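Undergrad: With the hints as your guide, set chain B onto chain A.
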Amino acid sequence: MKAEDIFKDLELKFENLKVKGNTLPRYKAEVQPDKLEEAIIKFKSNGFNHFVALSCIDWIKDEKFELVYHLFSYEEKEDVFLSIFLPRNEPKYKTLRHLFPQIETYEREIHEMFGVEFEGNDRLGEFILEDWDNMPPMRKDFDTVKYGKEKYESVPLINEGGEKE
Amino acid sequence: MNENPLPSVIPDKEWKKIQRMLSKRSLWMIHFCTGCGAMEMPPVMTSRYDMERFGIIPMATPRQADLMLVTGYVATKTLKRIVRVYEQMQDPKYVIAFGSCPINGGIYWDSYNIIKRLDKYIPVDLYIAGCMPRPEAVMDAFLKLMKDIDEGKANGWMRYRKYYDQYKRNQMRIFKRWDE
Chain A
1 MKAEDIFKDL ELKFENLKVK GNTLPRYKAE VQPDKLEEAI IKFKSNGFNH
51 FVALSCIDWI KDEKFELVYH LFSYEEKEDV FLSIFLPRNE PKYKTLRHLF
101 PQIETYEREI HEMFGVEFEG NDRLGEFILE DWDNMPPMRK DFDTVKYGKE
151 KYESVPLINE GGEKE
Chain B
166 MNENPLPSVI PDKEWKKIQR MLSKRSLWMI HFCTGCGAME MPPVMTSRYD
216 MERFGIIPMA TPRQADLMLV TGYVATKTLK RIVRVYEQMQ DPKYVIAFGS
266 CPINGGIYWD SYNIIKRLDK YIPVDLYIAG CMPRPEAVMD AFLKLMKDID
316 EGKANGWMRY RKYYDQYKRN QMRIFKRWDE
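First to last, the protein sequences are chains A and B. Per the working numbering, the very first residue in the first sequence carries number 1; after that it's consecutive. Per the working numbering, the very first residue in the second sequence carries number 166; after that it's consecutive.
Hints are not guaranteed to be accurate.
Distance ranges between label pairs, derived from CB positions [what the hints assert, rightly or not]: (1) B:309 to A:123: 44 to 50 Å; (2) A:142 to B:180: 55 to 61 Å; (3) B:338 to A:126: 17 to 23 Å; (4) A:20 to B:305: 42 to 48 Å; (5) A:126 to B:330: 41 to 47 Å.
Source of the hints: derived by calculation from the structure; they are not laboratory data. Since the model is a prediction, treat every value here as computed from it, not as a measurement. All C-beta atoms in this analysis are idealised placements derived from N, C-alpha and C, irrespective of residue type, glycine included.
This is chain A alone, in the form it adopts within the complex (with noise of 0.2 Å):
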């Protein structure tokens, strides 16, 4: 089935990404989210049955954080985004890995990166960072070189004699 006619059934608006040489239909659309879990539903019955990645845009002017859902068709060659808007100062949302099982990954690293919290999903723990003592690092308001400096500059030299054997 078309995405396009997808797109249809379930009502919402779409809109024909052109990327500079792809040739591979791409749409993107904008979901609410307590309709997500429907249409990804949607979606992978009719032919959508690769999970491709979930990525998170930090909208720091507009106070929000973007999560897309990125499908593909093996059958009809086509790429569908499906992005929904959680508000910066609490970002929730409900764990989707019951869908596809890969999503649990994303949403570890992006609870990690972004502070984003996933409800049901209880490997929500240290994953790539270790040790880490501060915010978010992925978000746009974490400064990334006045931490470095004060954490690894700030760190003394050894105090070498430099003796022989």
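TA: Chain B in isolation, oriented as in the chain A frame:
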């Protein structure tokens, strides 16, 4: 250091010289592949540059190795493993740091996760500058290290023993916990 009874004709100082002369000809190497420098190791190891003619062979475990190569940037997560590997090696042990990243951060100078200078945390005997150093530079570093060992200058392992408290204090500023 030497448990066997010494022949009475060789004084202790001379004996150490002989030990150094012999140990520089059989450096067994463990390379800690952290960054892009691991790509430079195959030509150095294999027939093109052939480091085995100097008695350097790659070794699988840290307990049997004399020489550790840190081949690239060091993240905080990696540093914990590097310190673990370094402490497992037996004395005398030597460290060579590859490329500009362990010197001052390199292209990761503004990163939140890369430690900028490796010798604040473990002693480094030799740095190779460059991004990345070519196999010729690596061979040159091996020869320089052999010369340093022969002259008794490559004594980072002694510094680690002597200033152990300072090194540990610096390491624990980066790590919150040591038990995982």
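Undergrad: Compare the structure with each hint and give your call.
TA: Results for each hint:
One distance hint, 44 to 50 Å for the beta-carbon pair residue 309 of chain B and residue 123 of chain A, holds here, with the actual separation near 48 Å. Under the hint 55 to 61 Å, the C-beta atoms of residue 142 of chain A and residue 180 of chain B, about 57 Å apart, fit the expected range. A beta carbon spacing of about 19 Å between residue 338 of chain B and residue 126 of chain A agrees with the range 17 to 23 Å that was offered as a hint. A beta carbon spacing of about 46 Å between residue 20 of chain A and residue 305 of chain B agrees with the range 42 to 48 Å that was offered as a hint.
At about 28 Å, the CB distance of residue 126 of chain A to residue 330 of chain B disagrees with the hint of 41 to 47 Å.
Figure legend: structure checked against the earlier numbered hints; the only hint not met is number 5.
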